[in-house]
Amino acid sequence: MARLLPQGADKRTVDLVRSRPDAIATVDHQERLWRRVYPPTGREGLPPVAFVFADTTEAKVANTIAVLEEAGRRYWAPRRYDTYERGITALDYGQAVPVVVTTLEQLQEHGADGPVWRRLGRKSEQTLTAALDNPDGDALYRHQIARADERAAQRRAAEREAQRRCAAGAGRSSPTSAGRRPPRAAVPGRPGT
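Per our numbering, residue 94 is the first one in the sequence shown, and the count goes up by one each step.
In case anyone wonders, no lab produced these hints; they're calculated from the structure. Ideal placement from N, C-alpha and C gives every residue a C-beta, glycine not left out. Mixed in with the good hints there might be a few duds.
[As the list claims (entries may be wrong)] In silico SDA-like cross-links for lysine to any residue, where the CA-CA straight-line distance does not exceed 20 Å:
#1 Lys216 to Leu200
#2 Lys153 to Glu163
#3 Lys216 to Asp206
#4 Lys216 to Ala155
#5 Lys153 to Glu198
#6 Lys153 to Leu197
#7 Lys216 to Val142
#8 Lys216 to Ala152
#9 Lys216 to Leu161
#10 Lys216 to Pro141
#11 Lys216 to Thr196
[Said to hold, decoys possible] Simulated DEER-style distance windows between Cβ atoms:
#12 Glu252 to Ala170: 32 to 42 Å
#13 Gln247 to Ala159: 40 to 50 Å
#14 His203 to Ile158: 11 to 21 Å
#15 Gly262 to His236: 33 to 43 Å
#16 Thr222 to Glu252: 43 to 53 Å
#17 Arg249 to Glu162: 36 to 46 Å
Please construct the entire structure, taking both the sequences and the accompanying hints into account.
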């Protein structure tokens with residue numbers, strides 16, 4: 094559903110998506126069918142998927158989660174932002190499907206609002222809200238871009254100041270030659286020049 098367009102979508106967009114399977118990634122989330130079904134959550138990414146395992150062993154659950162992580166990585170894993178700025182560690186969850194897993198036993202013991210949910214790609218259990226959050230996503234990206242812009246502005250200001258000092262220093266004469274005449278060239282036959 095997250096990759097579907099609603100009825101009445103722009104013909105050009107529909108043709109583009111039909112001609113190239115990866116073209117849906119360029120379509121804004123607001124223009125997709127799922128946004129008309131689910132209200133906005135304030136989180137980037139697609140609607141979450143939850144797996145609740147019941148009546149099974151821990152080994153089977155661990156194996157199933159490992160298979161889900163490996164086989165579905167291209168769907169749930171965030172991507173790096175396309176940026177030339179160095180030092181940007183934020184991730185783009187815009188096309189990622191948040192997948193959370195738990196067991197029925199954990200839900201019965203701790204409740205759905207307890208730290209029983211594990212999001213694929215993460216190591217430990219969290220509350221559902223924490224598991225669905227993307228602390229290394231858009232908010233971190235905006236923060237890191239702002240800091241990079243601030244550092245670039247400081248660097249430009251320092252360069253301008255250095256250029257200003259060089260230009261001011263070039264107009265003055267040096268203190269060793271100030272107030273002196275230039276040395277005369279030696280004239281043949283004239284002593285002591």
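Right, here's what the structure says about each hint:
no.: 1; hint: Lys216 to Leu200; result: holds, 18 Å
no.: 2; hint: Lys153 to Glu163; result: holds, 15 Å
no.: 3; hint: Lys216 to Asp206; result: holds, 18 Å
no.: 4; hint: Lys216 to Ala155; result: holds, 12 Å
no.: 5; hint: Lys153 to Glu198; result: holds, 14 Å
no.: 6; hint: Lys153 to Leu197; result: holds, 14 Å
no.: 7; hint: Lys216 to Val142; result: holds, 18 Å
no.: 8; hint: Lys216 to Ala152; result: holds, 16 Å
no.: 9; hint: Lys216 to Leu161; result: holds, 14 Å
no.: 10; hint: Lys216 to Pro141; result: holds, 18 Å
no.: 11; hint: Lys216 to Thr196; result: holds, 16 Å
no.: 12; hint: Glu252 to Ala170: 32 to 42 Å; result: holds, 40 Å
no.: 13; hint: Gln247 to Ala159: 40 to 50 Å; result: holds, 46 Å
no.: 14; hint: His203 to Ile158: 11 to 21 Å; result: holds, 18 Å
no.: 15; hint: Gly262 to His236: 33 to 43 Å; result: holds, 39 Å
no.: 16; hint: Thr222 to Glu252: 43 to 53 Å; result: holds, 45 Å
no.: 17; hint: Arg249 to Glu162: 36 to 46 Å; result: holds, 44 Å
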